[in-house]
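K.L.:
Sequences are here, hints too, so could you generate the full structure?
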Amino acid sequence: MKNILAGPRVALAVPQPEDFDEMSDWYTDGDFVRKMDTVAARPMSGQELEQTYQNIDRNTEYYFHVHNIEDDRLIGFVTLFDIEWNNQIGRLAIAIGDPDDRGQGFGTEALNLILNYGFHELNLYKICLDVIATNQSAIAVYQNSGFEFEGTNKRAVKRDGHRYDLYHMGLFAEDFQPRVNFN
Numbered sequence: 005m006k007n008i009l010a011g012p013r014v015a016l017a018v019p020q021p022e023d024f025d026e027m028s029d030w031y032t033d034g035d036f037v038r039k040m041d042t043v044a045a046r047p048m049s050g051q052e053l054e055q056t057y058q059n060i061d062r063n064t065e066y067y068f069h070v071h072n073i074e075d076d077r078l079i080g081f082v083t084l085f086d087i088e089w090n091n092q093i094g095r096l097a098i099a100i101g102d103p104d105d106r107g108q109g110f111g112t113e114a115l116n117l118i119l120n121y122g123f124h125e126l127n128l129y130k131i132c133l134d135v136i137a138t139n140q141s142a143i144a145v146y147q148n149s150g151f152e153f154e155g156t157n158k159r160a161v162k163r164d165g166h167r168y169d170l171y172h173m174g175l176f177a178e179d180f181q182p183r184v185n186f187n
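The numbering of the sequence shown is the numbering used here, which starts it at 5 and goes up by one.
Keep in mind the hints are simulated off the structure, nothing from the lab.
Possibly wrong hints are sitting among the right ones.
[Claimed, not checked] Here are the simulated distance ranges between beta carbons:
1. 49 to 179: 34 to 44 Å
2. 125 to 56: 20 to 30 Å
3. 108 to 182: 13 to 23 Å
4. 166 to 17: 33 to 43 Å
Beta carbons: idealized from backbone N, C-alpha and C, even for Gly.
P.N.:
So, in structure tokens, the structure goes:
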């Protein structure tokens with residue numbers, strides 16, 4: 005039986021307490037925080053991040069840390085959340101923490117692992133996400149993985165005195181074509 009949580013270069017893993025202190029460094033990077041979420045950017049301590057993890061609803065959220073298989077280094081996180089079991093729909097969030105790890109294909113592989121997990125293990129029918137219009141690299145990864153634009157919340161995000169659109173994107177299970185070989 006194949007490991008559905010591992011690809012050629014990254015693996016989805018259970019969060020460990022020591023991970024959260026490392027992740028707190030990512031939250032001091034304004035670019036990271038401002039692209040990842042629409043809320044006001046603020047640094048978070050490892051303790052705050054671990055507490056957030058401890059408080060997730062285990063019935064509707066599946067949260068993993070992303071590790072580089074080569075050196076078992078923490079490089080990001082991915083989560084399926086707000087799962088509506090009756091409708092078989094969930095929402096997705098993903099982030100690669102260190103800027104040096106971005107643009108290396110790790111995010112694409114982690115995204116495809118969590119999509120495969122969501123569609124084939126959790127039996128979801130559709131996975132949705134929101135992305136700020138300025139995050140063009142993430143949009144490209146989502147589109148390459150099969151996500152389609154479903155709507156725009158116009159001028160929903162304010163950054164540096166300017167307003168930007170928030171795109172809603174979705175992917176149906178039947179349209180998922182993995183971009184990574186999951187042997």
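K.L.:
Does the structure break any of the earlier hints, and which numbers would those be?
P.N.:
Failing hints: none at all.
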